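A.B. asks: Please construct the entire structure, taking both the sequences and the accompanying hints into account.
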Amino acid sequence: AQKVTQAQTEISVVEKEDVTLDCVYETRDTTYYLFWYKQPPSGELVFLIRRNSFDEQNEISGRYSWNFQKSTSSFNFTITASQVVDSAVYFCALSAFTGANSKLTFGKGITLSVRP
Amino acid sequence: NAGVMQNPRHLVRRRGQEARLRCSPMKGHSHVYWYRQLPEEGLKFMVYLQKENIIDESGMPKERFSAEFPKEGPSILRIQQVVRGDSAAYFCASSPPSRHTGSSYEQYFGPGTRLTVT
Chain A
12 AQKVTQAQTE
22 ISVVEKEDVT
32 LDCVYETRDT
42 TYYLFWYKQP
52 PSGELVFLIR
62 RNSFDEQNEI
72 SGRYSWNFQK
82 STSSFNFTIT
92 ASQVVDSAVY
102 FCALSAFTGA
112 NSKLTFGKGI
122 TLSVRP
Chain B
19 NAGVMQNPRH
29 LVRRRGQEAR
39 LRCSPMKGHS
49 HVYWYRQLPE
59 EGLKFMVYLQ
69 KENIIDESGM
79 PKERFSAEFP
89 KEGPSILRIQ
99 QVVRGDSAAY
109 FCASSPPSRH
119 TGSSYEQYFG
129 PGTRLTVT
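Top line first, the protein sequences correspond to chains A and B. Numbering-wise (the numbering used here), the first sequence opens with residue 12 and increments by one. Numbering-wise (the numbering used here), the second sequence opens with residue 19 and increments by one.
Among the hints, a few may not be true.
Okay, derived cross-link-like pairs now, DSSO-like style, lysine-lysine, Cα gap no bigger than 30 Å in a straight line [stated by the list, open to error]:
{"hint": "1", "chain 1": "A", "residue 1": "14", "chain 2": "B", "residue 2": "80"}
{"hint": "2", "chain 1": "A", "residue 1": "14", "chain 2": "B", "residue 2": "69"}
{"hint": "3", "chain 1": "B", "residue 1": "45", "chain 2": "B", "residue 2": "62"}
{"hint": "4", "chain 1": "B", "residue 1": "62", "chain 2": "A", "residue 2": "14"}
{"hint": "5", "chain 1": "B", "residue 1": "62", "chain 2": "A", "residue 2": "119"}
{"hint": "6", "chain 1": "A", "residue 1": "81", "chain 2": "B", "residue 2": "62"}
{"hint": "7", "chain 1": "A", "residue 1": "49", "chain 2": "B", "residue 2": "62"}
FRET-style restraints, in silico, Cβ to Cβ [stated by the list, open to error]:
{"hint": "8", "chain 1": "B", "residue 1": "89", "chain 2": "A", "residue 2": "98", "range": "39 to 49 Å"}
{"hint": "9", "chain 1": "A", "residue 1": "63", "chain 2": "B", "residue 2": "68", "range": "21 to 31 Å"}
{"hint": "10", "chain 1": "B", "residue 1": "46", "chain 2": "A", "residue 2": "127", "range": "41 to 51 Å"}
A few chain A residues that face chain B, going by a derived Cβ cut-off under 8 Å, partial list only [claimed, not checked]:
{"hint": "11", "residue": "80"}
{"hint": "12", "residue": "117"}
{"hint": "13", "residue": "118"}
The hints are simulated quantities; they were obtained by calculation from the structure and are not laboratory data. Here the structure is a predicted model, which is why all the values come from computation and not from measurement. Where is the CB? At the ideal position from N, CA and C, for every residue including glycine.
C.D. replies: Written out as structure tokens, the structure is:
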């Protein structure tokens with residue numbers, strides 16, 4: 012069975028602070044995908060990143076960076092110099108790598124509030 | 019290229035009524051997934067369908083819920099005799115057919131339908 016744990020439920024920071032959102036997962040699969048999604052107050056789901064399990068290189072996209080550590084089953088997400096527009100709920104998710112069924116297992120989400 | 023469409027965006031039903039949620043996948047996508055987001059919760063997988071087939075319904079409640087994806091037209095998630103506990107956001111996602119190499123495609127999400135049962 013697959014499981015995603017986002018132990019932090021709410022984080023509040025002041026604008027321009029860096030913030031790291033933690034994600035720990037469990038799976039019996041040897042290959043899998045990991046994801047991060049953002050859900051702003053408007054409610055839609057915004058795709059941020061997909062990472063496959065055999066690529067452990069860290070990734071940076073603008074102010075966003077992701078740290079994948081297979082040894083600790085973690086896929087953490089850092090926002091540098093946070094902005095008010097980053098306020099949202101952030102979900103980490105996991106899916107199988109192969110096969111037609113790529114259903115996602117989500118964590119419960121982390122509510123990030125960035126204060127001006 | 020239109021994204022995944024869901025309608026209605028907001029739906030209000032009284033207890034005991036039926037709710038029908040529609041999902042039109044992206045063009046060329048033949049796989050549809052439905053997820054439910056209860057208040058203050060993450061999204062939970064409900065059902066995975068391909069055209070005219072239910073592939074995985076392991077997340078569907080055993081009673082009152084059904085889903086279909088006909089050869090023509092949108093996928094429908096149907097909830098009969100709704101109760102207050104059905105109030106949630108229901109998201110649909112679509113993906114293309116599997117690659118020949120076997121690795122799966124990512125899913126594209128619709129904007130969701132927010133169901134309120136009064």
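A.B. asks: Look at each hint and say if it fits the structure.
C.D. replies: Verification of the supplied hints:
Restraint check for residue 14 of chain A and residue 80 of chain B: the C-alpha separation of about 22 Å stays at or below 30 Å, so the hint holds. The suggested pairing of residue 14 of chain A with residue 69 of chain B holds, with an alpha-carbon distance near 28 Å, which does not exceed 30 Å. Taken as a hint, the residue 45 of chain B and residue 62 of chain B pair is honoured in the structure, with Cα atoms around 25 Å apart against an allowance of 30 Å. For the hint pairing residue 62 of chain B with residue 14 of chain A, the CA-to-CA distance comes to about 11 Å; that is within 30 Å, so the pair holds.
As the CA atoms of residue 62 of chain B and residue 119 of chain A are separated by approximately 9 Å, the hinted pair is consistent with the 30 Å bound. For the given pair, residue 81 of chain A sits about 24 Å from residue 62 of chain B by alpha-carbon distance, which is consistent with the 30 Å threshold. The suggested pairing of residue 49 of chain A with residue 62 of chain B holds, with an alpha-carbon distance near 16 Å, which does not exceed 30 Å. Distance hint for residue 89 of chain B and residue 98 of chain A: a CB-CB separation of about 43 Å, consistent with the stated range 39 to 49 Å.
Distance hint for residue 63 of chain A and residue 68 of chain B: a CB-CB separation of about 23 Å, consistent with the stated range 21 to 31 Å. In this structure the hint that residue 46 of chain B and residue 127 of chain A lie 41 to 51 Å apart at CB holds, the actual value being about 43 Å. For residue 80 of chain A, the interface hint is violated, since its Cβ never comes within 8 Å of a Cβ in chain B; the closest pair sits about 22 Å apart. For residue 117 of chain A, the shortest C-beta to C-beta distance to chain B is roughly 4 Å, which falls under 8 Å, so the interface hint holds.
With a cut of 8 Å, the hint placing residue 118 of chain A at the interface with chain B holds, because the nearest CB-to-CB distance is about 6 Å.
Consistency note: the structure conflicts with earlier hint 11 alone.
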